[in-house]
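Protein chains in written order, with my numbering: chain U, 1 to 436; chain F, 1 to 142.
Treat the hints with care, as some may be off.
[As the list claims (entries may be wrong)] Listed below are the simulated SDA-like cross-link pairs for lysine to any residue, each with C-alpha atoms no more than 20 Å apart in a straight line:
#	chain 1	residue 1	chain 2	residue 2
1	U	Lys-354	U	Glu-404
2	F	Lys-60	U	Glu-404
3	U	Lys-392	F	Glu-41
Worth flagging that the hints you see were computed from the coordinates, not collected in a lab.
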Amino acid sequence: MDRSQYLHPDKELMSRQEIEELQLKRLQETVRHCMNSPFYKKRFEEEGLTPDDIKSLDDLKKIPFTTKQDLRDTYPFGIASVPLEKCVRLHSSSGTTGNPTVILHTQRDLDEWANAVARCLHMVGLRPTDVFQNSSGYGMFTGGLGFQYGAERLGMLTVPAAAGNTLRQLKFIKDFGTTALHAIPSYASRLYEVMVEQGIDPRRDTKLKTLVIGAEPHSEEQRKRIENMLGVKAYNSFGMSEMCGPGVAFECKEQNGLHIWEDYYIVEIVDPNTLEPVPEGEVGELVLTTINREAMPLLRYRTRDLTRILPGECPCGRHHKRLDRMQGRSDDMIILKGVNIFPIQIEKILLQFKELSTDYLITLETLDNNDGMTVEVELSNLFTDDYGRLEKLTKEITRQLKDEILVTPKVKLVANGSLPKSEGKAVRVKDLRKTY
Amino acid sequence: MTIQQLSVFVENKSGAMLNVLQLLRSEGIQLLAVNIADTVEYGIFRIICSEPSKAFKLLKEANISVTLTDVFAIELDDKVGEMARTLEIFHKEGISITYLYSFLINKKGIMVFRTAESERTREVIMLNNMKFIAEKDLYTLI
């Protein structure tokens, strides 16, 4: 085994037995540390559990699940296992409806996060000689700073281009000799369209060779299309803000499943209804326990993402388990352009408009390689004979929705009674994207 | 001076206007004039008909977004430049027209319109001796 191909060979090349030994040690440390968290201390007392009860990895099952609702209920700092003065950063989910979720980080957490992202980028062949451009939004969105610190940790020249302004992105790619780009899949397609418009041939006029795509569900066909369009290899990235952000799981050069770093996380796949483990290789909800985090460890966190563990060994030499492509959600969360959106956020905004009925329909569609959201809203009987007011109403709904969900939906007024009724189980979301 | 117009919200899809017209037909309501512009997603279908109150109730019960709007109706003489002459008067008074359409009934030209300033419009119509049409008069013209 050529160890130089691995950034952290000691961790990446561990055998299953070594992984599990390390996991048990770190789980026990984590659980002990969690007793500093008011939330977990109370929860363990309620269950009659003590850290000493965790004697094997199997004992993990004794610990209750942690949910997004727990994060909301303890907003903002109630789950932290360290005093606030030890923390150096927080990231938070979007939304003003209900409490957002907050994740705190110590300096050590940020270091370990950067290490994990660096390991992922190294795994797909990136080296300090590469130029890495990040087209993620920066700020609270973890895809920005997460990749920034990871790419710097690896030693690449990094271009924090941030989201949007495609012509500027292209100028950077050409002028700075960008070899690797992180982009959500729909944006990669968009970049190519603009290249064509500008007469740029990605193979001839740019040095792009690696794309990191994630934060948005996409199919294998979509990946192949991106690779063919841009003349690159595109690797799937998986992360979520509750688990730091990017760097949780990543494809290796085999492009067959995403290795999840088991020195950071313990993986379980459970049936979302019974919460019992599913037979190996079957699809269920991904449940993660952080075992390498200081400020805010999460025990058995229900991610709501549906996936399965790929059976068999990966030829790359790593024994860290491989997750299959995400196959959907066990809740109604929508992932659009890397942004997490719950239909309830949209509903709460719409209900404030007395010009509208209570029915609405959210449609997610791929148009011209671009994922978008249309929100159809029914006009109530408070209708006036005035195009100007209808237009103003549409604009105002659009503006308020954008403020709430951070993406701009297309708002469409439709006639009263034309949408499915709110009684019973109305279909509120139609996903027509070719993703899962 | 004003007549009642039905304003119906219709989506730009096949059958949307037809649905409204079939309902009106079912109750024997007669159309005098209709108007709709070619907007992208939806339109306001404007209708002058016999028995507007009955028509309004009928559409409302069918859960259609509808409103009754008072619009001005003026009879114009059948000669060149009459509409231009009329609009010159409103223009001079600083009254702008929100929308306008016209129809013929028994060889009489009727101009239907709405402005943002109803009271001032009334005054201008009176002061200039325009031949306005009242609700009750309209149906005797049929």
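Hint consistency between F:Lys-60 and U:Glu-404 [alpha-carbon to alpha-carbon, up to 20 Å]:
violated, 33 Å
Given pair status - U:Glu-404, U:Lys-354, alpha carbons within 20 Å
holds, 19 Å
CA of U:Lys-392 to CA of F:Glu-41, is that 20 Å or under?
holds, 14 Å
Of the numbered hints stated above, the single one contradicted by the structure is hint 2.
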